[in-house]
Amino acid sequence: MQSVRTEKAQAWVKVGAIDEIPRLGARVVKTAEYDIAVFRTADDRFFAMRDECPHKQGPLSQGIVHGDKVSCPLHDWKIHLQTGIAVAPDEGCTATFPVKLEGDQVYLSLTPNEGCPNQ
Amino acid sequence: MKEKLVLVGNGMAGIRTLEELLKLVPEAYEITVFGEEPYPNYNRIMLSPVLAGEKTIDDIILNDEQWYKDNGITLHTGKKVATIDRLNRKVICADGTIAEYDRLILATGSQPFVLPLPGNDLDGVISFRDISDVDKMLEAAQQYQHAVVIGGGLLGLEAANGLMKQGMQVTVIHLMDRLMEKQLDVQAASMLKASLEERGMQFLMGAETEAIIGQERVEKIRLKDGTELYTDLVVMAVGIRPNIELAKKARIHCVRGIVVNDTLQTYDPRIYAVGECVEHRGQTYGLVAPLFEMAKVCANHLAQHGIGLYQGSVTSTKLKVTGIDLFSVGDFIGDDKTEELVYKDEASGVYRKLVVENNRLRGAVMYGDTVDGAWYFDLLRDQTDIADFRKSILFGQAHLGDSGHGEENRVAQLADSAEICGCNGVCKGEIVEAITKKKLFTLEEVRAHTKASSSCGSCTGLVESLLAVTVGGDYSVAPHLKPMCGCTDFTHDEVRATIREQQLKSIPQVMQFLEWKTPNGCGKCRPGLNYYLLCAWPDEYHDDYQSRFINERAHANIQKDGTYSVVPRMWGGETTPAELKAIAEIAEKYKVPTVHVTGGQRIDMLGIKKADLPAIWGDLSKAGFVSGHAYGKAIRTVKTCVGKEWCRFGTQNSTQMGIELEKMTWGSWTPHKFKLAVSGCPRNCAEATIKDFGVVAVDSGWELHVGGNGGVKVRATDFLCHVKTPEEVKEYCAAFLQLYREEAHYLERTAPWIERVGLSYVKSRIVEDEQNRRQLAERFLFSQKYSQKDPWAERAQGEDAHEFEPIVQIV
Ligand code: SRM
Ligand SMILES: Cc1cc2nc3c(=O)[nH]c(=O)nc-3n(C[C@H](O)[C@H](O)[C@H](O)COP(=O)(O)OP(=O)(O)OC[C@H]3O[C@@H](n4cnc5c(N)ncnc54)[C@H](O)[C@@H]3O)c2cc1C
Ligand code: SF4
Ligand code: FES
Chain A
1 MQSVRTEKAQ AWVKVGAIDE IPRLGARVVK TAEYDIAVFR TADDRFFAMR DECPHKQGPL
61 SQGIVHGDKV SCPLHDWKIH LQTGIAVAPD EGCTATFPVK LEGDQVYLSL TPNEGCPNQ
Chain B
1 MKEKLVLVGN GMAGIRTLEE LLKLVPEAYE ITVFGEEPYP NYNRIMLSPV LAGEKTIDDI
61 ILNDEQWYKD NGITLHTGKK VATIDRLNRK VICADGTIAE YDRLILATGS QPFVLPLPGN
121 DLDGVISFRD ISDVDKMLEA AQQYQHAVVI GGGLLGLEAA NGLMKQGMQV TVIHLMDRLM
181 EKQLDVQAAS MLKASLEERG MQFLMGAETE AIIGQERVEK IRLKDGTELY TDLVVMAVGI
241 RPNIELAKKA RIHCVRGIVV NDTLQTYDPR IYAVGECVEH RGQTYGLVAP LFEMAKVCAN
301 HLAQHGIGLY QGSVTSTKLK VTGIDLFSVG DFIGDDKTEE LVYKDEASGV YRKLVVENNR
361 LRGAVMYGDT VDGAWYFDLL RDQTDIADFR KSILFGQAHL GDSGHGEENR VAQLADSAEI
421 CGCNGVCKGE IVEAITKKKL FTLEEVRAHT KASSSCGSCT GLVESLLAVT VGGDYSVAPH
481 LKPMCGCTDF THDEVRATIR EQQLKSIPQV MQFLEWKTPN GCGKCRPGLN YYLLCAWPDE
541 YHDDYQSRFI NERAHANIQK DGTYSVVPRM WGGETTPAEL KAIAEIAEKY KVPTVHVTGG
601 QRIDMLGIKK ADLPAIWGDL SKAGFVSGHA YGKAIRTVKT CVGKEWCRFG TQNSTQMGIE
661 LEKMTWGSWT PHKFKLAVSG CPRNCAEATI KDFGVVAVDS GWELHVGGNG GVKVRATDFL
721 CHVKTPEEVK EYCAAFLQLY REEAHYLERT APWIERVGLS YVKSRIVEDE QNRRQLAERF
781 LFSQKYSQKD PWAERAQGED AHEFEPIVQI V
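These protein sequence lines map, in sequence, to chains A and B.
With the numbering used here applied, the first sequence corresponds to residues 1 to 119, in that order.
With the numbering used here applied, the second sequence corresponds to residues 1 to 811, in that order.
The set of hints was computed from the structure by calculation and includes no laboratory data.
One thing to keep in mind: the hints can contain errors.
The list that follows gives simulated cross-link-like pairs (lysine-lysine, DSSO-like), each with its CA atoms no further than 30 Å apart [as the list claims (entries may be wrong)]:
#	chain 1	residue 1	chain 2	residue 2
1	B	Lys23	A	Lys78
2	B	Lys524	A	Lys56
3	B	Lys69	A	Lys56
4	A	Lys14	B	Lys609
5	A	Lys56	B	Lys789
6	B	Lys69	B	Lys438
7	B	Lys644	A	Lys56
8	A	Lys78	B	Lys517
9	B	Lys560	A	Lys30
10	A	Lys56	B	Lys673
11	B	Lys673	A	Lys78
12	A	Lys78	B	Lys609
13	B	Lys589	A	Lys78
14	A	Lys78	B	Lys713
15	A	Lys30	B	Lys23
16	A	Lys30	B	Lys589
17	B	Lys589	B	Lys789
18	A	Lys78	B	Lys69
19	A	Lys56	B	Lys23
20	A	Lys30	B	Lys437
21	B	Lys560	A	Lys56
22	B	Lys517	A	Lys30
23	A	Lys78	B	Lys789
24	A	Lys30	B	Lys609
25	B	Lys438	A	Lys78
26	B	Lys591	A	Lys56
27	A	Lys78	B	Lys591
28	A	Lys56	A	Lys78
29	B	Lys439	A	Lys78
Stretch by stretch, here's where chain A covers chain B in the computed footprint (C-beta under 8 Å, at least three residues) [stated by the list, open to error]:
#	region
30	355–366
31	517–524
Virtual Cβ for every residue (Gly too), placed ideally from N, Cα, C.
All chains should be modelled from the sequences, with the hints used to inform the complete structure.
Structure follows, in structure tokens:
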């Protein structure tokens with residue numbers, strides 16, 4: 001594990017190489033305030049969101065990833081990776097964060113996307 | 001451009017098909033719906049409660065106008081389609097409205113049969129089919145007193161009951177000498193008649209109507225024997241005919257109904273038909289459960305997931321008259337090949353008859369207490385061999401050892417505040433409200449919306465009864481052969497068989513071959529597939545950890561705060577001072593917040609941070625411990641008592657036996673968790689008779705017991721057989737485990753599995769067939785060569801390190 005020093009508002013943080021995150025899996029980025037889960041889908045898209053389920057704060061990074069959703073390990077809510085919104089009829093959302101790729105490196109922005117009040 | 005889909009018939013089957021279709025491919029078609037009735041889709045089966053004043057029309061609307069708008073569907077109510085122009089692919093309405101189609105669904109339902117009697121067109125002579133009929137009955141009840149219902153079947157009796165509730169005096173005229181002759185035998189029919197009479201309903205049995213008499217409105221009715229009856233209203237409920245007029249006119253092949261194949265296509269492949277208007281394999285249906293199954297298959301085909309086939313349905317009957325419980329299914333009359341099992345308690349108004357052929361159910365009829373109807377229905381559809389519990393079958397499933405929640409089934413009487421789901425704290429009122437407000441009608445929907453029954457499942461029966469009470473009829477009956485999950489139409493058995501026959505060796509291969517509907521499955525099917533592949537190819541399959549639930553992926557139990565618990569194996573529940581010291585030191589070193597002695601005779605260390613797991617495992621390995629698999633669908637613990645070594649009653653060395661069994665079986669993955677126990681004498685201190693495999697030592701050897709379950713629904717084991725030597729105990733245990741591993745469905749514990757396949761079957765494979773037993777045991781031991789690697793030691797040495805470490809720490 002590497003340690004990175006950063007100001008919160010700073011644009012992009014390097015997370016690591018693509019292959020450090022398993023397909024249909026996730027890794028955790030720890031920040032001072034909370035954990036962020038970075039997900040990788042089967043077709044190599046990357047998403048990041050706060051590692052807390054809108055239901056009872058279950059660690060979403062530990063869930064099963066399928067399609068572009070993750071099933072929470074605690075009570076099986078399904079959360080859209082792209083929007084952080086729970087699949088209906090469950091209601092709630094988790095803050096998402098911008099992710100980008102440069103070469104084989106994954107970068108994460110620590111400023112959450114707009115939209116979800118639970119930041 | 002989108003293809004155009006037109007639906008003729010805005011009723012239950014048609015709209016259900018669209019709902020299923022929209023779930024699969026929301027954007028695929030531009031949809032237009034024509035309905036002759038002036039309403040959006042409503043729940044026709046609830047017309048009876050509406051008539052009885054227990055519901056309003058608003059309560060029974062299933063899809064309001066907004067639903068059609070939200071889904072971009074063009075709805076024409078009050079428009080009857082008069083012609084189908086197949087050549088130019090359009091439908092034309094009586095008022096000239098035209099719609100073009102690429103595909104067409106006919107869901108025109110049925111028409112009530114009107115007896116060809118003089119006077120059948122008088123005012124006040126009606127059928128019982130739609131809202132306008134109910135309106136007419138309610139109106140009549142305001143102004144008049146006397147009603148006659150012709151027909152003593154389901155519909156007739158529900159109409160008569162409703163009219164009675166509206167204050168009318170009702171006489172039912174029935175041609176046969178018993179009511180509901182298609183659904184009830186003589187005994188049940190006479191009990192039914194007696195209780196309806198008690199409520200004030202009158203009957204003329206064996207009576208045939210000759211004429212309906214009146215000027216403009218009906219005044220009286222005359223029977224063949226000359227009897228005349230004054231009446232202000234006549235409801236004919238003498239049967240229904242599939243509504244095939246439109247299809248016939250378009251020269252689509254019809255016999256009794258519109259003839260369809262197993263994908264619900266008519267002889268014109270662009271035209272589908274679903275619902276009561278359909279004839280499938282010579283059969284027509286008049287209940288919703290089969291229509292819903294048809295809807296699913298049809299939607300599948302329209303979505304071009306063309307793998308589902310409709311293969312016909314077995315239906316059961318209930319009567320929606322509040323306070324009367326009756327149930328029937330299959331052939332309940334029987335013939336010279338069948339036997340009857342009968343339970344009758346006339347004073348309490350309870351009657352049950354089962355018709356049995358070769359120890360398999362052919363039919364059932366019940367009156368008074370119908371709690372076990374669903375169970376009998378399952379036994380019938382599964383063709384389960386009932387020999388093993390034939391003696392108690394009439395007393396119901398509760399007598400099979402379910403001491404859990406059996407008595408609570410009288411849900412209708414429960415208060416709104418009664419807790420139904422203990423896991424999620426959901427009470428009756430909330431469930432009923434969700435069902436009515438959100439128009440839910442399947443168990444899955446209730447689970448999704450309320451969470452009731454979505455955890456341990458012990459309240460499933462209660463929730464299903466609530467659905468039945470709230471929505472009516474056999475609304476909630478789920479299709480019997482359930483697909484593995486929403487990602488496929490194939491059942492567990494089909495998937496397993498295909499894996500073996502087609503030599504499929506990875507999850508993507510299975511999904512591709514079986515045309516999975518989702519790109520990479522879901523959290524339900526992937527763990528199942530992973531297990532099936534692992535079991536089929538123990539030496540070749542590469543375990544897919546991303547398809548395992550977190551506990552199995554991380555080899556520890558996740559806790560509610562995201563920390564983990566660690567339970568090392570303690571062979572046979574025995575330990576040593578050295579082991580205890582090691583555990584104590586490790587617990588102190590890692591500041592483990594809680595150390596707990598588990599229900600399975602192990603020690604649990606709780607509250608461990610994920611990143612610390614490999615290190616703690618390393619220390620445990622050094623002290624000689626391996627993983628206890630307390631987290632897995634796997635072999636759990638082998639509980640033992642002290643046995644002959646110490647106990648004054650002990651007959652054999654049960655502890656040693658337990659240790660040997662655990663050494664043989666540990667590490668194996670199973671469809672659901674698998675627990676063992678060995679007791680040293682029939683006092684059974686290790687509780688072997690509620691384990692998946694229980695051993696009870698006796699003076700002459702060992703008794704083997706299988707299929708026990710503590711937990712949610714307690715089930716005592718079935719006695720498998722008696723053996724003499726420890727070697728035999730091990731061989732039988734390995735064989736039993738392997739049979740279960742190879743044939744049970746994923747997440748099916750041995751208890752429900754044995755109830756599904758029957759103890760006799762298990763005995764025939766393990767006790768009676770020595771060669772087969774050997775082979776099963778060999779296959780088990782072969783697979784153990786690959787699974788008895790301690791996952792903790794491997795991870796302590798660095799395997800899957802990424803699983804346990806954050807990727808970056810931002811400070
Ligand atoms: C730790 C333990 C409680 C304890 O502190 O004593 C326990 C803890 C859990 N049990 Fe249990 N059960 C424990 C003994 C039992 C027993 C007693 C036994 O094994 O003799 C039973 C009843 C016997 C049986 O299984 O038939 C039992 C019946 C259940 C059930 C209901 C199973 C059923 O078929 O009805 C569940 C739910 C499930 O598996 O779906 C369950 C599920 C659980 C889970 C896995 C719930 C979960 O998903 O988080 C708990 C894990 C907590 C953890 O992290 O450790 N646990 N659980 C026991 C561990 C035993 C061990 O040493 O491995
Ligand atoms: C009072 C009552 C109680 C019942 N109770 C139960 C029960 O307890 N359990 C159970 O399982 N089943 C019950 N049923 C049966 C159940 O309601 C039917 O099986 C089900 O509604 C059939 O669905 P369907 O879509 O095939 O037909 P319908 O729901 O009848 O829908 C067909 C629709 O098509 C329309 N239509 C027909 N021709 C045209 C055309 N040319 N153009 C435009 N529209 C057209 C009709 O107006 C109708 O609205 C009951 C039925 C009734 C009447
Ligand atoms: S340990 Fe078992 S009984 Fe206790 S709360 Fe957890 S699942 Fe329920
Ligand atoms: S915490 Fe995620 S589903 Fe409950």
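Here is how each hint holds up against the structure:
For the suggested pair B/Lys23 and A/Lys78, the alpha carbons sit about 16 Å apart, so the restraint of at most 30 Å is met. With a C-alpha separation of about 21 Å, the suggested pair B/Lys524 and A/Lys56 falls inside the 30 Å cut-off, and the hint holds. Note on B/Lys69 and A/Lys56: the hinted pairing is violated, with a Cα-Cα distance of about 35 Å set against a maximum of 30 Å. With a CA separation close to 25 Å, the supplied pair A/Lys14 and B/Lys609 stays within the 30 Å bound.
Restraint check for A/Lys56 and B/Lys789: not satisfied, since their Cα atoms lie roughly 35 Å apart, outside the 30 Å limit. The suggested pairing of B/Lys69 with B/Lys438 holds, with an alpha-carbon distance near 17 Å, which does not exceed 30 Å. Distance hint between B/Lys644 and A/Lys56 is unfulfilled; the C-alpha atoms sit about 49 Å from each other, more than 30 Å. Only pairs whose Cα atoms come within 30 Å are accepted, and A/Lys78 paired with B/Lys517 is accepted, the gap being roughly 18 Å.
Of the pairs offered as hints, the one joining B/Lys560 and A/Lys30 holds, with about 19 Å between alpha carbons and a cut-off of 30 Å not exceeded. With a C-alpha separation of about 26 Å, the suggested pairing of A/Lys56 with B/Lys673 holds against the 30 Å cut-off. Restraint check: the Cα-Cα separation between B/Lys673 and A/Lys78 comes to about 25 Å, which is no more than 30 Å; the hinted pair holds. Straight-line distance between C-alpha atoms of A/Lys78 and B/Lys609 comes to about 24 Å, which keeps the hinted pair within the 30 Å bound.
Simply put, B/Lys589 and A/Lys78 have alpha-carbon atoms about 37 Å apart, too far for the 30 Å limit, and the pair is violated. A threshold of 30 Å between alpha carbons decides the hint, and for A/Lys78 with B/Lys713 the separation of about 28 Å falls inside it, so the pair holds. Simply put, A/Lys30 and B/Lys23 have alpha-carbon atoms about 38 Å apart, too far for the 30 Å limit, and the pair is violated. Taken as a hint, the A/Lys30 and B/Lys589 pair is honoured in the structure, with Cα atoms around 24 Å apart against an allowance of 30 Å.
For the hint linking B/Lys589 to B/Lys789, the alpha-carbon distance of about 26 Å falls within 30 Å, and the restraint holds. The suggested pairing of A/Lys78 with B/Lys69 holds, with an alpha-carbon distance near 27 Å, which does not exceed 30 Å. Proposed proximity of A/Lys56 and B/Lys23 is supported: the alpha carbons are some 28 Å apart, at most 30 Å. For a cut-off of 30 Å, the pair hint linking A/Lys30 to B/Lys437 is broken: about 43 Å separates their Cα positions.
For the proposed pair B/Lys560 and A/Lys56, the alpha carbon gap of about 9 Å is at most 30 Å, so the pair holds. Only pairs whose Cα atoms come within 30 Å are accepted, and B/Lys517 paired with A/Lys30 is rejected, the gap being roughly 36 Å. Distance hint between A/Lys78 and B/Lys789 is unfulfilled; the C-alpha atoms sit about 33 Å from each other, more than 30 Å. At most 30 Å may separate the alpha-carbon atoms for a hinted pair to count; A/Lys30 and B/Lys609 meet this at roughly 14 Å.
Straight-line distance between C-alpha atoms of B/Lys438 and A/Lys78 comes to about 20 Å, which keeps the hinted pair within the 30 Å bound. Restraint check for B/Lys591 and A/Lys56: satisfied, since their Cα atoms lie roughly 26 Å apart, inside the 30 Å limit. Among the hinted pairs, A/Lys78 with B/Lys591 is inconsistent with the structure: their alpha-carbon atoms are about 34 Å apart, more than 30 Å. Taken as a hint, the A/Lys56 and A/Lys78 pair is honoured in the structure, with Cα atoms around 13 Å apart against an allowance of 30 Å.
With a C-alpha separation of about 22 Å, the suggested pairing of B/Lys439 with A/Lys78 holds against the 30 Å cut-off. Here the region 355–366 of chain B counts 0 residues with a CB under 8 Å from a CB of chain A, which misses the bar of 3, and the coverage is violated. Against chain A, the region 517–524 of chain B contributes 6 residues with a C-beta closer than 8 Å to a partner C-beta. That satisfies the three-residue criterion, and the hint holds.
Checked against the numbered hints listed earlier, the structure breaks hints 3, 5, 7, 13, 15, 20, 22, 23, 27 and 30; every other hint is satisfied.
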